[in-house]
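Chains as they are written, first to last, in numbering that gives the first Met the number 0: chain A, 0 to 222; chain B, 0 to 293.
Calculated directly from the structure, the hints in this document are not laboratory data.
Keep in mind that the hints are not guaranteed to be accurate.
Keeping only pairs whose Cα atoms sit at most 20 Å apart, straight-line, the calculated EDC-like set for lysine to aspartate or glutamate is [claimed, not checked]:
{"no.": "1", "chain 1": "A", "residue 1": "Lys91", "chain 2": "A", "residue 2": "Glu177"}
{"no.": "2", "chain 1": "A", "residue 1": "Lys91", "chain 2": "B", "residue 2": "Glu202"}
{"no.": "3", "chain 1": "A", "residue 1": "Lys91", "chain 2": "B", "residue 2": "Asp199"}
Not close to chain B: a few residues of chain A, all C-beta gaps over 10 Å, as computed [unchecked claim]:
{"no.": "4", "residue": "Val17"}
{"no.": "5", "residue": "Thr97"}
{"no.": "6", "residue": "Gln139"}
Treat the numbers as computed from the prediction; the structure is a model and nothing was measured.
Glycine is no exception: its CB is placed at the ideal position from the N, C-alpha and C atoms.
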Amino acid sequence: MIELHRVWKTYAVGPVKVPALSDVSFRIAKGEFVTLRGPSGSGKTTLLRLLYREDVPTEGEVEVLGEEVTQLSRRQVAALRRSIGIVFQDAKLLPGRTVYENVAFVLRVLGTPRREITGRVFDALRAVGLSSRAQAYPAQLSQGEAQRAALARAVARKPLLLIADEPTGSLDEAMAGEVLDIVKDIWAGGTTVLVATHQATLAATLQRRTLTLQGGRLIKDEG
Amino acid sequence: MFGFLFGEALRDLRRAGRVAVSAILLISLSLAALGAFWLLSSNLGRAVDQFRERVKIVVYLKREPSTAESTALVERVRRMTGVGGVRYVGKSEALGTLKQVLGKDAAVADSLPQNPLPASLEITPTAEGATVEGARALVTRLSALPETEEVGGGLEWMDRFAQVQRLLWLFGLGVGAVLAGAAILTVATATALVLHVRRDEMEIMRLVGASEHVVRLPLLMQGMMQGLIGAVLAVWVLVGCYAIIGPRAEPLVTETLGIARLSFLRPPDVVSLMIAGTLLGGLGGWLARGRSEP
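Based on the sequences and whatever the hints tell you, model everything.
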């Protein structure tokens with residue numbers, strides 16, 4: 000499902016080259032639930048960005064869903080991303096659209112037939128417990144609700160892979176628990192899940208395979 | 000999918016707000032100016048065509064030919080390139096016409112010791128012969144006839160008239176082009192504004208795997224909408240001005256141009272204006288879209 004082979008990523012800050020990832024290699028099989036752990040600045044977000052081809056490695060190979068992402072054309076990148084659900088710490092909901100419209104928006108831009116959209120949106124909202132908040136705008140949601148709405152948007156497309164970058168980073172413990180329960184439900188439905196977090200306790204709570212990054216290096220692969 | 004893209008384009012148009020309104024007004028202004036000059040130019044063109052149909056070239060003869068000679072001459076001239084029709088006017092017929100023109104003063108002509116008017120040929124050129132170049136060549140050929148004393152009724156004045164028509168059209172095109180340039184820049188600005196407002200949406204669209212045309216088409220479409228609305232407004236303004244000014248200008252038009260009334264633009268011309276407006280708007284949207292490429 001995901002395979003990184005000796006991946007390096009270096010950013011140039013003026014004349015100085017700053018390493019973000021150094022010689023990272025691992026494999027994630029289909030159907031796995033993996034936590035990517037590490038403190039802020041350890042390279043988690045950089046690594047995730049390589050997976051959905053928002054960025055390319057300086058060196059090494061990144062294979063996602065059977066595709067070597069560095070070799071993909073713009074059109075192929077779009078096709079790859081259609082199989083990946085992405086959730087961010089700040090949810091990235093569109094403020095001028097209701098929760099329903101936010102979820103429906105991605106289905107519409109991907110050309111989902113109109114008659115299917117309502118059903119799929121409500122299925123996704125029910126899965127995250129937000130169907131009663133369908134007509135609310137993002138500004139009217141709590142942080143936990145916003146994150147659940149972002150999850151609904153990601154899973155409405157029935158992705159093969161769910162990538163969540165600090166989905167509970169800005170939530171209190173109770174809300175974080177709710178969100179993680181939903182992520183586990185999504186994983187139980189057959190979706191491969193990769194969750195990045197800086198919260199060590201959270202990674203421990205999940206009791207799943209954990210990859211630990213530090214200073215851009217993969218220092219531990221356990222569980 | 001088209002419904003969705005259209006809906007997004009409408010949403011973008013609303014987001015562009017006042018800048019979009021400015022762009023629409025500028026497009027209206029440029030197309031209305033272009034349309035007005037077009038309208039004037041086409042009416043001048045009609046007048047030129049009408050004059051051309053009525054134009055006659057007169058060949059004054061050195062001496063009055065006999066009946067047989069005049070028949071042969073008419074036949075010879077009729078076979079010339081650019082000649083549509085030939086009529087022989089004898090000296091006495093010319094004098095009769097002069098008397099008709101003089102009316103109550105016709106007695107003046109009777110007091111002349113002899114008929115001073117020459118015999119002549121009245122020539123109606125073909126459409127080809129009525130063009131400036133055609134007429135010039137025809138006059139040269141007629142002047143070369145041994146019977147010819149002088150050739151009159153050239154088309155220089157019509158040449159000047161046609162030049163005025165072309166000048167008017169070019170001037171309209173120039174004014175329209177300057178205004179169109181301003182309109183394109185304004186549409187591009189409106190689109191850039193929309194791009195700024197839409198950047199989060201576009202990021203989401205790209206992250207979920209939307210194709211580039213789905214991401215960008217609404218921008219192009221909102222530009223085209225601005226253009227189309229501007230063109231419709233321009234045509235509306237032209238129709239309004241034509242309805243108000245047309246009837247008042249009729250006496251002047253008849254007097255100076257010799258046509259019964261000013262004609263409005265033909266339906267294909269109106270459609271061309273609409274298409275031009277839509278393309279102008281689309282170009283503005285496309286230019287801004289180009290600047291947005293990641």
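Taking the shortest Cβ-to-Cβ distance between Val17/A and chain B, state whether it exceeds 10 Å. Since the minimum Cβ distance to chain B is about 22 Å, Val17/A lies beyond 10 Å and the statement holds.
Is the hinted pair Lys91/A and Glu177/A satisfied, with a Cα-Cα distance of at most 20 Å? Holds: Lys91/A and Glu177/A sit about 19 Å apart, inside 20 Å.
Take a quick look at whether Lys91/A and Asp199/B sit within 20 Å of each other, Cα to Cα. Distance ~8 Å between Lys91/A and Asp199/B Cα, so the pair holds.
Cβ separation check - Thr97/A to all of chain B, threshold 10 Å: holds (14 Å)
Tell me if the straight-line CA distance from Lys91/A to Glu202/B falls inside 20 Å. holds (9 Å)
Find the nearest Cβ of chain B to the Cβ of Gln139/A and say whether that gap is larger than 10 Å. holds (18 Å)
In this structure, every one of the numbered hints holds.
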